[in-house]
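Using UniProt numbering, you'd call the opening residue of the sequence shown number 1 and step up by one each time.
Hints in this document: simulated from the structure, not taken from any laboratory.
Source: prediction; values computed, not measured.
Any given hint could turn out to be false.
[To be verified] So the derived label-pair ranges between C-beta atoms look like this: (1) N173 <-> I86: 45 to 53 Å; (2) F99 <-> A157: 37 to 45 Å; (3) I35 <-> F99: 28 to 36 Å; (4) C115 <-> F73: 15 to 23 Å; (5) T142 <-> E43: 27 to 35 Å.
C-beta atoms are modelled at their ideal positions from N, C-alpha and C, and glycine is treated no differently.
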Amino acid sequence: IISLTTRDQSAVEDENFAGDEGVPLTLAGDVLALIGAALYGFEEVIYKKYASPKVHPVTFANTLTGLMGVATFTLFWVPIPLLHWIGHEVFELPTLEQFSSILMIATLGLIYNGCFMIVVSQTSPVFAAVGVMATIPLVALTDWVLFSESVGWGNVAGGLSIVAGFAILVRENQKA
Numbered sequence: 001i002i003s004l005t006t007r008d009q010s011a012v013e014d015e016n017f018a019g020d021e022g023v024p025l026t027l028a029g030d031v032l033a034l035i036g037a038a039l040y041g042f043e044e045v046i047y048k049k050y051a052s053p054k055v056h057p058v059t060f061a062n063t064l065t066g067l068m069g070v071a072t073f074t075l076f077w078v079p080i081p082l083l084h085w086i087g088h089e090v091f092e093l094p095t096l097e098q099f100s101s102i103l104m105i106a107t108l109g110l111i112y113n114g115c116f117m118i119v120v121s122q123t124s125p126v127f128a129a130v131g132v133m134a135t136i137p138l139v140a141l142t143d144w145v146l147f148s149e150s151v152g153w154g155n156v157a158g159g160l161s162i163v164a165g166f167a168i169l170v171r172e173n174q175k176a
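Please take these sequences and the hints and turn them into a complete structure.
Here is the structure:
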């Protein structure tokens, strides 16, 4: 996490990068990511031990994804009116351009979640989670190729670590 969030100071200056002023925020983000990763790992272990059937039918993945969608729809909109009412975050209808972006993001999220649950049902939650992390170096590579974004040594080291970990996991799964 730290190698991926540490920016190479010799790289081209970015007006969106806070520099030294952003260190406390970067540290807080790193700590939050570490806590999230630990909790996610715990969730994967609990899922594998108690919720994952021995045979992984696709209907199980669809049911689990559907239940997560129902929980999201019924629970996670609750703070929105409260935040609007206290003035912390004013909510209004999106413009057509914003709505198009939201629709595209929702569609891609639906495709991602469907594919992720199929991978979980056909392999294992750990394999799927590490596979998702393998997209991080791909994003950095895409940013470099398409947008000429600088890639620091921390990003390269972190990306190579992720790819190496995924390769080890694939090799171990092939042995089993």
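Here is how each hint holds up against the structure:
Under the hint 45 to 53 Å, the C-beta atoms of N173 and I86, about 49 Å apart, fit the expected range. Separated by about 40 Å at the C-beta atoms, F99 and A157 satisfy the suggested range of 37 to 45 Å. Separated by about 34 Å at the C-beta atoms, I35 and F99 satisfy the suggested range of 28 to 36 Å. Taking 15 to 23 Å as the suggested C-beta distance range, the pair C115 and F73 conforms, at roughly 21 Å.
Between T142 and E43 the beta carbon distance is about 29 Å. The supplied range of 27 to 35 Å therefore holds.
Figure legend: structure checked against the earlier numbered hints; every hint is met.
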